[in-house]
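J.: Listed below, chain by chain, are the residues.
There are 2 protein chains.
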Amino acid sequence: MATKAEDFNEWYNEVVDKAGLTDKRYPIKGMNVWTPYGWSAMTRIDGLMRREMARTGHQEVSFPLLVPESEFKKEADHIRGFGEEVYWVTRAGKNELDVPMCLRPTSETAMYPIFSLWIRSHADLPLKVFQIVSTFRYDTKQTRAFLRVREIHFFEAHTCHVDEEDAERQVRQDVEIMDLLGRELCVPYLLNRRTDWDKFPGAHYSLAADAWTPGGRTLQVATIHHYRDNFAKAYDVGYEAEDGTRKFVHQTTYGMSERLLGAIVAIHGDDRGVILPPAVAPVQVVVVPIPEKGRQDEILQESRRLAAELAEHVRTEFDERDLRPGAKFFEWEAKGVPLRLELGPRDLANGVVTVARRDAEGRTTVPRTDIVTTARDLLRQIQHDMYARAEASLRAATVDIAAPGEARQAINRIGWCGSEDCGRQLEADTGMSILGTPFPREPYGGTCAVCGKPADAPAYLARTY
Amino acid sequence: MATKAEDFNEWYNEVVDKAGLTDKRYPIKGMNVWTPYGWSAMTRIDGLMRREMARTGHQEVSFPLLVPESEFKKEADHIRGFGEEVYWVTRAGKNELDVPMCLRPTSETAMYPIFSLWIRSHADLPLKVFQIVSTFRYDTKQTRAFLRVREIHFFEAHTCHVDEEDAERQVRQDVEIMDLLGRELCVPYLLNRRTDWDKFPGAHYSLAADAWTPGGRTLQVATIHHYRDNFAKAYDVGYEAEDGTRKFVHQTTYGMSERLLGAIVAIHGDDRGVILPPAVAPVQVVVVPIPEKGRQDEILQESRRLAAELAEHVRTEFDERDLRPGAKFFEWEAKGVPLRLELGPRDLANGVVTVARRDAEGRTTVPRTDIVTTARDLLRQIQHDMYARAEASLRAATVDIAAPGEARQAINRIGWCGSEDCGRQLEADTGMSILGTPFPREPYGGTCAVCGKPADAPAYLARTY
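Keeping their order, the protein sequence lines are chains A and B. Taking the numbering used here, the leading residue of the first sequence gets 1, the next gets one more, and so forth. Taking the numbering used here, the leading residue of the second sequence gets 1, the next gets one more, and so forth.
Careful, some of the hints might be misleading.
Since copy identity is lost for identical chains, a pair holds within one copy or between any two.
What the hints assert, rightly or not - Calculated cross-link-like contacts (lysine to aspartate or glutamate; reagent style EDC-like; alpha-carbon spacing at most 16 Å):
| # | residue 1 | residue 2 |
| --- | --- | --- |
| 1 | K29 | E69 |
| 2 | K94 | E84 |
| 3 | K94 | E69 |
| 4 | K29 | D270 |
| 5 | K94 | D139 |
| 6 | K453 | E176 |
| 7 | K29 | D98 |
| 8 | K247 | D229 |
| 9 | K4 | D17 |
| 10 | K73 | D196 |
| 11 | K29 | E427 |
| 12 | K73 | E165 |
| 13 | K247 | D166 |
If you're looking for bench data, these hints aren't it; they were derived computationally from the structure. Remember, predicted model here, so these are calculated numbers, not experimental data.
Could you build all of it, start to finish, from the sequences and the hints given here?
T.: The following block contains the structure:
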């Protein structure tokens with residue numbers, strides 16, 4: 001098997017397979033099968049999003065998948081941005097359709113004609129909805145499980161507001177939610193305001209959460225867009241203001257996807273397999289009996305009791321299959337179960353349980369009596385340590401450079417005047433992409449590495465997925 | 001507004017709109033928008049299915065939406081059955097696809113090539129999975145919210161077994177699950193074994209749950225299919241048996257859809273709106289303050305306290321909008337909230353709360369002190385009564401007839417020898433469809449109403465949706 005250090009890309013592919021998170025053998029490239037295990041992890045991530053949406057007053061909806069070409073083309077930048085990568089339904093049964101319909105690449109063009117019917121007056125605002133659905137992009141680059149797929153498991157929140165400022169408040173709320181989710185998923189990131197030539201098609205501005213992967217590239221794991229009234233004008237989403245005049249709403253969107261699961265795999269996995277954060281691991285604790293000849297029944301029985309006790313408090317699997325313990329360890333490690341408990345004859349004699357943390361080497365023993373408290377404490381500790389380690393890596397990977405020639409396989413912080421010319425030059429000189437400027441703005445006193453003019457903000461340069 | 005008694009179809013359309021369960025103004029016919037309220041009800045129905053799947057050892061998966069034409073065409077009956085009503089993706093970006101891909105009308109052809117990889121030996125069996133996804137059918141009949149749509153919110157369980165008998169056991173388990181769900185959703189039904197010419201394309205036999213709607217038609221709300229090894233042979237889903245030989249698996253599927261929500265609307269709704277069973281109502285109790293001049297604050301405060309107390313135990317909405325109580329009643333009745341609590345000055349003075357059951361006329365008062373217990377008891381009673389009333393209607397609508405000429409707008413039970421000729425004749429003579437024969441078989445001593453030969457079982461004849 002490839003090692004993570006030597007061949008990250010190959011390692012990633014293998015580790016995803018070994019964990020059984022997805023099955024890539026479906027006969028359409030980039031459209032993968034969610035296995036029970038992978039789907040369980042993904043829907044736990046969805047669950048965290050749903051919790052946050054409920055907390056912040058968003059309501060869940062579900063819009064149709066198909067968008068008529070006529071609606072899709074109403075926002076000019078949007079169609080320019082997505083036109084090359086949408087799938088088209090042109091036939092139904094044996095009939096050619098009069099108006100082709102595309103599979104949503106994202107749902108602005110499906111939702112906004114309906115928003116224009118739902119919103120009448122300022123009393124209907126803000127409108128805050130979200131959905132978790134499949135979106136489709138005909139991406140011609142090499143596909144990679146979770147990171148670059150053609151059917152994408154997607155979260156999208158869409159909001160409408162009375163004015164730009166209220167939409168701005170929504171952006172800040174989304175940023176806070178992302179902060180929480182990043183911690184729970186153990187995926188730290190830099191939040192960047194994308195350049196104008198790299199923002200979402202139709203957006204006023206775009207923020208993106210860029211995680212750092214050991215493969216030496218950043219990975220965009222979430223985006224937050226402020227649309228101002230660009231889409232509202234194209235789709236006639238207006239309202240009667242308190243003063244009786246008609247105004248257009250200001251809109252935002254917040255998008256995340258299965259890439260978050262890919263980021264967890266990429267950041268935390270090791271040569272034994274993936275490592276899942278306790279917050280989203282389908283199995284948090286696996287109990288493996290270590291039988292001894294003549295005492296099998298006793299050990300199985302005690303292990304079963306241990307597992308049953310734990311199962312009332314944490315997601316527990318009791319592995320009583322007729323396999324060598326070593327084979328079981330190998331499998332659960334590949335699957336990334338955060339905590340393994342073993343119970344053998346010596347443990348039984350000493351009133352202890354042997355524990356192995358998936359995110360650390362070695363084993364220890366803990367008293368059998370407090371096992372539920374101990375397991376919970378350990379899971380909390382694993383959760384904390386996974387985030388801390390990933391954050392340290394992100395920090396270590398973020399370096400200051402003074403000239404494009406110094407750029408390394410890292411996130412390179414460099415002075416930039418903000419002009420497109422100098423930005424493109426930086427990209428050309430480094431062979432990297434500008435991720436944009438930090439959000440929120442930080443004080444910065446540098447100069448542009450290209451033109452030498454004063455720079456309000458640094459730019460981040462990196463290779464990206 | 002149309003009344004249910006006079007114009008069921010028009011009433012149905014209006015009542016769905018008034019309740020805000022779906023928005024039919026999406027620019028593609030038969031593809032509707034799930035509003036927050038409708039989606040909340042639907043996902044509660046999904047939740048009951050998920051609970052039952054977990055209880056019976058099914059695992060949730062998610063397969064790709066698109067199926068290559070080459071895979072889709074492998075099972076000959078299946079393609080004959082669905083060929084006329086699938087949507088085809090033929091273009092991606094600006095490229096014509098070499099192999100068109102269809103939007104799943106159901107997922108046999110997406111799943112079974114992968115099952116053939118997942119299953120190696122008898123130890124991998126039974127395989128029991130399910131998914132809840134959108135499916136697509138280009139239905140040319142008139143569309144109707146939840147009952148006949150082109151993007152269908154769909155539940156599908158797929159299982160593989162060592163032999164026909166084990167698959168048969170699965171069918172019986174599905175029947176039990178359906179029984180439970182029917183009670184919770186207050187949708188009673190007749191379980192029929194479909195005729196051979198009406199079974200699922202590719203199935204050995206099909207069972208269907210047919211509910212009775214006041215519109216005078218039956219509505220198929222669930223199907224359970226036994227495939228034997230028909231699909232297994234087409235998709236090469238085999239396993240190594242204990243004796244070392246290679247065998248094909250026997251398969252079953254169990255399908256349900258948003259039609260269940262449509263059935264609830266059709267069966268229970270009245271001229272004031274829909275009535276949702278407490279088990280799936282997004283709001284189980286609405287608390288409406290009845291303010292009196294000069295005592296507004298006190299009444300609002302007490303109502304809020306009441307709602308907060310209830311909210312810890314049942315799904316409660318506190319309606320403190322600045323509207324007349326009558327307008328609020330009207331709206332919550334249209335939405336089908338099972339229980340309404342009112343708190344006015346007289347209630348306050350007497351230490352009581354006024355309660356109105358959505359499924360009954362009139363109001364009563366109950367002591368304020370035991371309100372949580374009272375509300376729970378009432379919800380249980382509503383749940384029970386709704387089912388009982390619907391079951392009585394179904395029984396009343398099921399009539400025995402001796403000759404086709406006696407057929408009424410009902411579910412007509414008639415002797416049938418089982419031959420296709422006589423069956424088609426019964427359909428032609430009545431202008432109705434044969435729903436099939438009761439499952440499980442009941443003792444029956446009649447004769448065929450067409451040929452006069454002995455009949456093993458009666459057939460049910462009805463108009464269908």
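J.: Compare the structure with the hints numbered earlier in the document and write down the numbers of the violated ones, lowest to highest.
T.: Hints 4, 6, 10, 11 and 12 contradicted; others consistent.
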